[in-house]
Amino acid sequence: MTMTMTASEWPSSRAALAKRVLPYALLSPAVIVTLAIVFFPMLQAAWMSLHDYVLWKPNAISFVGLKNFFAAFNDEVFWISLKHTVIWIGLTIPSQLLLGLITALLLNQEFPWRPLARALIIIPWALPSVVIGLMWVWIYDSNYGILNDFLLRMNIIQDSVPWLADPDTALYAIILTLTWQGFPFFAVMILAGLQSIPKSYYEAASIDGASKWRQFWHITLPGISGVLVTAVLLRTIWVANSIDVIYVMTGGGPGYSTYTLPLYAFVKARTNLDFGYGSSLAVLFTIMLLGVVVVYLRKVGKDTK
Amino acid sequence: MVSHKSKLRRFLTVELPMVVILLFTLGPYLWMMLTSLTQEDKLFTQGPSLIGATFENYIRLFETVGFLDNMITSFIVAAGTVVVGLTLSVTAAYSFSRFRFFGKKYLLTQFLIINMFPIVLLILPLFVLMRVLGLLDTHLALIIANSTVAIPFSVWMMTSYINGIPKSLDEAAMTDGCSRLGALRRVVLPLCMPGIVATGIYIFITAWNEYLYALSLGGSNVRPITVAIQTLIGEYEVQWGLLTSGGIVGALPATILFLIVQKRLISGMTQGAVKG
Numbered sequence: 001m002t003m004t005m006t007a008s009e010w011p012s013s014r015a016a017l018a019k020r021v022l023p024y025a026l027l028s029p030a031v032i033v034t035l036a037i038v039f040f041p042m043l044q045a046a047w048m049s050l051h052d053y054v055l056w057k058p059n060a061i062s063f064v065g066l067k068n069f070f071a072a073f074n075d076e077v078f079w080i081s082l083k084h085t086v087i088w089i090g091l092t093i094p095s096q097l098l099l100g101l102i103t104a105l106l107l108n109q110e111f112p113w114r115p116l117a118r119a120l121i122i123i124p125w126a127l128p129s130v131v132i133g134l135m136w137v138w139i140y141d142s143n144y145g146i147l148n149d150f151l152l153r154m155n156i157i158q159d160s161v162p163w164l165a166d167p168d169t170a171l172y173a174i175i176l177t178l179t180w181q182g183f184p185f186f187a188v189m190i191l192a193g194l195q196s197i198p199k200s201y202y203e204a205a206s207i208d209g210a211s212k213w214r215q216f217w218h219i220t221l222p223g224i225s226g227v228l229v230t231a232v233l234l235r236t237i238w239v240a241n242s243i244d245v246i247y248v249m250t251g252g253g254p255g256y257s258t259y260t261l262p263l264y265a266f267v268k269a270r271t272n273l274d275f276g277y278g279s280s281l282a283v284l285f286t287i288m289l290l291g292v293v294v295v296y297l298r299k300v301g302k303d304t305k
Numbered sequence: 306m307v308s309h310k311s312k313l314r315r316f317l318t319v320e321l322p323m324v325v326i327l328l329f330t331l332g333p334y335l336w337m338m339l340t341s342l343t344q345e346d347k348l349f350t351q352g353p354s355l356i357g358a359t360f361e362n363y364i365r366l367f368e369t370v371g372f373l374d375n376m377i378t379s380f381i382v383a384a385g386t387v388v389v390g391l392t393l394s395v396t397a398a399y400s401f402s403r404f405r406f407f408g409k410k411y412l413l414t415q416f417l418i419i420n421m422f423p424i425v426l427l428i429l430p431l432f433v434l435m436r437v438l439g440l441l442d443t444h445l446a447l448i449i450a451n452s453t454v455a456i457p458f459s460v461w462m463m464t465s466y467i468n469g470i471p472k473s474l475d476e477a478a479m480t481d482g483c484s485r486l487g488a489l490r491r492v493v494l495p496l497c498m499p500g501i502v503a504t505g506i507y508i509f510i511t512a513w514n515e516y517l518y519a520l521s522l523g524g525s526n527v528r529p530i531t532v533a534i535q536t537l538i539g540e541y542e543v544q545w546g547l548l549t550s551g552g553i554v555g556a557l558p559a560t561i562l563f564l565i566v567q568k569r570l571i572s573g574m575t576q577g578a579v580k581g
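As you go down the protein sequences, you meet chains R and Y in turn. Following the numbering used here, the numbering of the first sequence begins with 1 at its first residue and continues without gaps. Following the numbering used here, the numbering of the second sequence begins with 306 at its first residue and continues without gaps.
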């Protein structure tokens, strides 16, 4: 009797348990793998940043505390790279945003070949960054590049400019390339925002006699402000992180003129094999970026509530 | 008459600026294509031109440089990443979409922020790790590295797709005798197939285009096209004809795939942005 009682009770409690465990069980493969390939390596990077860790001296790994971090603060290249990172973000994001906004406003108008334009505008986004980098190196080429050719013919410049070899222009040349690569993202995001604004708002405004400019200022901008903030935050994180285009185009040179912080960390580890110092640079950069990430998460959290 | 005038107005204020922006967007790509079709020695005397266009650079690319091997490598890595990314994320996404449980918000946020960490923070330890495990210069190393991006992305995309499928459908399947997993497999998965395909293609494109991991963790055996294109500069003096044809071939698969799925992909990605 007791036997059958427990036997009949047992499955139901097991089912209850299974029901509670099931969500975690379904999640576990993805969570375990990300722990292993993302979080464990990140901890390792933090660990390396606290050590003298040079790859070709495997027996000389020793704990040095915050030495690498203090070294960074006394490192002139660190400050140069930081300055470039600020210029890099401060110029790229507004240019991408402005060009993206104009493109989105145009794509939101009615014209016969709009679907074609919408499909083509996104192409830079799909290209490999290596191809983008090399393509623009070819465009900027001082002897045979089309940019110099064009500017010479238009009489805008008198002599051809070695855009990527000149420390004064190299960073800005790469910023133009990155603007080209990233503005379609803004265009697509903003376009989605524009299309979510009800048409009736504009109809009501034009009945009230509001000019196009006032409509833009009072209806369009508030309507897309949420998307704009999200896109800017996402893009800031992405642009700050992106080093592949710079690495392909100049490798950081000439001199240190196109170093950004993450690129410095990468080059330090790759060429000097100094993984301790490289990691500490990466950790410092991550901490700075975390500020933007937190703002983004707050915003996403607020919007979904 | 009026419509004629408004057409002109539309042309000047909308179509003309759009053409200028499109020229800026496509110009560099078309210039690269034109360069790749020009004979190498004519490039520096007459500049790129369509007159006497030739596929010579492309033939050289495959016959002497061995570009096909690099493409196969890229394909294995990208396809491997798609398989890993999708299989791991489908059940996780189902769980996020259908259950309420302790810690859900944190786990979901965790998957969101992974992709925001700088790639350098991961690339250094992954290199050390792969070196210790003896995985440097293998396909597996690159698949693992690319999965760090693919899994979180895929979890988010799949969660949003499964959210779009009514819960009542699973419940109906379960009253008909399906188990939870049966409902997932028989009802939910077939319905979100388009979403799975779009996510898979996006993962494929990102892995195909990836450069820094390929450069750091690959080597002479495993050399994806992105690295191969870059090494064309070193091995030969800059031969722009060859390089640009490599660029066109390397970019082609991703571009075509992207144009095929872009509509579904963009709606999936911007949905999150517009709603929150």
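Simulated from the structure, these hints should not be mistaken for lab results. Bear in mind that the values here come from a model prediction, so they are computed numbers and not experimental data. Among these hints, one or two may not hold up.
No farther apart than 27 Å at their CA atoms in a straight line, the calculated lysine-lysine pairs in the BS3-like style are these [claimed, not checked]:
(1) Lys472/Y with Lys409/Y
(2) Lys302/R with Lys310/Y
(3) Lys472/Y with Lys212/R
(4) Lys299/R with Lys410/Y
(5) Lys212/R with Lys199/R
Some chain Y residues well away from chain R (every beta-carbon gap over 12 Å; in silico) [said to hold, decoys possible]:
(6) Glu320
(7) Ala384
(8) Asp442
(9) Ala477
(10) Glu515
Backbone N, C-alpha and C fix where the C-beta goes; we use that ideal spot for every residue, glycine too.
Hint check:
no. : hint                   : result
1   : Lys472/Y with Lys409/Y : holds (18 Å)
2   : Lys302/R with Lys310/Y : violated (47 Å)
3   : Lys472/Y with Lys212/R : violated (44 Å)
4   : Lys299/R with Lys410/Y : holds (15 Å)
5   : Lys212/R with Lys199/R : holds (14 Å)
6   : Glu320                 : violated (5 Å)
7   : Ala384                 : holds (17 Å)
8   : Asp442                 : holds (16 Å)
9   : Ala477                 : holds (19 Å)
10  : Glu515                 : violated (8 Å)
Of the numbered hints given earlier, the model fails hints 2, 3, 6, 10; all others are met.
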